[in-house]
Structure formats: C-alpha cells, structure tokens
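Enquirer: One-letter residues, chain by chain:
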Amino acid sequence: MPRTIIPFGPQHPVLPEPIHLDLVVEDEKVVEARPSIGFVHRGLEKLAEKKDYVEFVYVAERICGICSFIHGQTYCQAIETLMNVQVPPRALYLRTAWGELSRIHSHLLWLGLMADGMGFESLFMHSWRVREKVLNIIEATTGGRVIFGSCKIGGVRRDMNAETIRNLLQELDAIEKDMRQITRVFLDDNSVKSRLSGIGVLPKQEAHDLGCVGPMLRASGVAQDMRTLGYAAFKDIGVEPVTRAEGDCYARCAVRCEELFQSVGIIRQALEKIPDGDIAVKVTGNPAGETIARTEQPRGEVVYHLKANGTKNLQRFRVRTPTFANLPAMLKVLPGCDLADVPMIVLTIDPCISCAER
Amino acid sequence: MNPEPIELITLDTLLDKVRAKREAGCRLVQVSATRLPDQVELTYSFDLNSRLASLRLSLPGAAPRVPSISGIYGCAFLYENEIHDLFNVQVDGMAVDFKGNLYKLAVRFPFGSTQAPCAPTGAAPAATPTQ
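These protein sequence lines are chains A and B, in that order.
So the first sequence is numbered by our numbering: it starts at 1 and just counts up by one.
So the second sequence is numbered by our numbering: it starts at 1 and just counts up by one.
Extracted from the complex, chain A is given alone in its bound form (with noise of 0.2 Å):
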C-alpha cells in the first residue's frame, strides 16, 4: 500500500492555535504522525531573568487566557512556599472559586470546539452562550473577562461581599440547569456517540507510563487529580477524581462534562463554607530555596519549578504545562485511526498551545 503524507496543521479549522502534524497514511488509515510545535514560542521562562518576582505573576497569568487564573495561583503558591508566607483562609477560598469558576469556562469553551469540530453548531453556539454567563460572573467578581489580575503573592487583591456571594450563587444555579441540557445532548445524543465511542482509545497503563494528565488520564480509569493534594481550601473541600475506564473520545468528553458539575459543587461549598477575615497579608524581602508547586489546571496537571537565590529575580522559573505533558499519548493513539477522526482526537486531548508554547 502506497504511503502519502498528509498536513494537519498548523492552520486547521479544529485548531485555534498552530500545531503541526505530519499524518502518514495508507489509503485513509493514518500510520504515523509525527509533530512540530514551536511556532508561537515566547521564551516566557528567560523573562525571569528581567523582571522580579512580585512582577512575574503578571506573566504567569498571561502564560495563557483559558487558564490565566491557576497559572498565577500557582506561581502564587509556589513563591509563598518559598518565603513562608501563610496566606488567609479567606483568600484560600476565594482562589479556589475563581480556579473552578475558571474550570468551568474552560470545559464550556472546549465542549463547544467540539462540538463545531463535529459539525453540531447549534450545540457550539449553545455552549458559548452558557459560557459567556460564566465570564460575566468573573467579570462581575474580578473585573477582567480573560486575565482576572485578581492573585497576588500573599493572598488576592479582591474581596466578595455577601450580596455579590447570594447573587453569584442564584446565577450557579442557572447556569447548571443549562450546562445539564447542554451535557445531556453531548452524552446522550446517537450521533454524538457513535462519531466519539472507540476512537482514539488510550489504555489506563499506557495513559500512565506516557506521563498523561487530567481528563486525558482520568478518562482512561486512572484517578488521579491534583486538588486531592489539598492546596487551597481544597484541605477542607473534598475532591473525587471523575474518571471512565473506556479510555476514548466520548470518555475524555464525558470526564469533563462531568467535571462541570463538580466545579459547581466546589464553588457552593467554598462560598457557603467562606470564613471571614483578611484577603491578603504583606511580603517582604526576597525568595530563597528551590519548589516544585503542582496544581490542576482545567486540561489537567501543572508544574511550577522555581529556584531563587534570595535576590528579586528568579535563578530559573519552569513551567510545565498539561498539553505538553499530553502531547506524547496524542501521538499514541493517532496511528491506526480513520483520517477523519484525527480532529476529534486531536480536540479530545483539549490542546491549549499557547500554554505549551510558553
């Protein structure tokens, strides 16, 4: 069988940011694929090296405008792990609002990618509009749309008062009696299932020994979740990793179909449960001493290693993000697979380049 190689990429209509892959194929059965990324990098990392480290969560934040929120949580986090720096509990749960607050926008964002990417517009248009509802609360709460700017080294720069907490609730409610017609039809529609079911299928031991993360592993039976490691007020809100044992497309989609609805129980008990006090306290001087910070983003697991000499610049600051961390298992499941599933699979592992091309 004569062998052809096929560009996917980087302009695609699945794709909003560039990723290149090379798909060899036989007749329509795609073989081998093999990537080229880099084409947006911005050596985000070497920046540490002119700005500060007060400075510096502004850029974390713009590591990415789907996750922007946990990235500066988590550099947050890591910094105040290295100046042992207690941050206020009022502050603890106000961050873990807006990161599921920032989960269920992403996953909304994501469910409507794929939705157009198979062809059900109603459905993507249905799934931004629930979407646009979730941006107005985090416009309403922190003043940005897409960078909220709202995380500081310490704990966060704004508050909520108890009417904005009733009000902000009344909308979650809302919002998840939309999110259940809109996750019904993703879950319990014929053609939604039969376009997802047994494409791209990553085995649970495969998922892991490829270093996969979030709704990639999880969807192939590995529970493994970040916040269970309890930073946060996650210590005091319980989280069960939502996981499937199929390991394929609709797997990945039912995973975070489902994890919108754990976000909105984690903002109800984190706002419910919200004591009362400062918002942030003062820091001083310099970091020193080495981390590794490690939260969960909404495509999954992120990594912060920083090391500081005790002067204002960071001796190195590194970031791995999820879709970096998930690419390999994308390139596992690509061979063997139909042409024309390469966009679902490709939309499944809900690749986020700017993140990757840091």
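Simulated from the structure, these hints should not be mistaken for lab results.
Treat each hint with caution, since some may be false.
[Said to hold, decoys possible] Listed below are several chain B residues computed to face chain A (Cβ distance under 7 Å; list not exhaustive): (1) 4; (2) 32; (3) 75; (4) 103; (5) 110.
[To be verified] Now the stretches of chain A that chain B is said to cover, found in silico as 3 or more residues with beta-carbon under 8 Å: (6) 203-217; (7) 318-328.
[As the list claims (entries may be wrong)] One-sided excerpt, in silico: chain A residues whose CB lies under 7 Å from chain B: (8) 38; (9) 41; (10) 46; (11) 292; (12) 303; (13) 305; (14) 307.
Backbone N, C-alpha and C fix where the C-beta goes; we use that ideal spot for every residue, glycine too.
For chain A, the structure is supplied; the task is to place chain B on it using the hints.
Expert: Below, chain B alone, put in the same frame as chain A:
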C-alpha cells in the same frame, strides 16, 4: 524549604535510577534544566500515588552530554528536545530527535552559556518517506 525530596545522582547512575522509578510504577512528571554559572542542573521529577520525588543531575561544562531516558519513558523525548534547544545539552539516543528544531527560536540556546542568533530554521524531522 522544599517538602518534595530531591535525590542527587551522577551521570553513571542516571539510567539505573530512572529504570528503578519506572519499575516502581512512577509517572514521569517533568524533566527540567537550570543554567548555573558553571554547570547545568537537570531535574527528573516522578509521581507515585500523588507524591513527587525528583532526581538531580549536575552537568559541568558549556555543552554537556547526557543519555536519553526515552528508552525507559517514551514520553521523555519532548522534554529532552526542549532541554537541547534551550540549554545546549546534547541528549544521546532520543526516541524522536528534532535536531534542534523543536522550537523556532530567535537565538540558539537562550539558556546556554553563549547565545547567538539562529540560522534559518530547518524543517522538523521528516516523517516516514513517501513510497
């Protein structure tokens, strides 16, 4: 300061230590590099039951060499190509070698001991040739 343990290892023991991690059922979390004045520090981090443990390898010199661990952890090739492109660490035996073209950079080895403007970038490694 760091609650996660970091074990110092040598170049000779790298592959054995990594193989032991694999046999213990660890997930490879990351490989990162840090440029220090006279050496490059490589950190291999592993997760076992949500506990993080790292191996630390110090490599003296401007362009040190290190064996690839992608024969043990297949997913390591991306980290290793990144370390090569950014830090000028030569990694021998990578499962997929982008030959310096993983990232399209304005300067070669931005975290290397010396930096120079990049030559025009070549293509990524070719996939299996058309028959």
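Enquirer: Compare the structure with each hint and give your call.
Expert: Each hint tested on the structure:
1. 4: holds, 5 Å
2. 32: Status holds, d = 4 Å.
3. 75: holds, 4 Å
4. 103: holds, 4 Å
5. 110: With a minimum Cβ separation of about 5 Å from chain A (threshold 7 Å), the hint on residue 110 (chain B) holds.
6. 203-217: holds (count 4)
7. 318-328: Since 6 is at least three, the answer is holds.
8. 38: It holds, given that the least Cβ distance between residue 38 (chain A) and chain B is near 4 Å, below 7 Å.
9. 41: holds, 4 Å
10. 46: For residue 46 (chain A), the interface hint holds, since the closest Cβ of chain B sits about 5 Å away, which is under 7 Å.
11. 292: holds, 5 Å
12. 303: It holds, given that the least Cβ distance between residue 303 (chain A) and chain B is near 5 Å, below 7 Å.
13. 305: holds, 5 Å
14. 307: holds, 6 Å
Of the hints listed earlier, there is not a single one the structure fails to meet.
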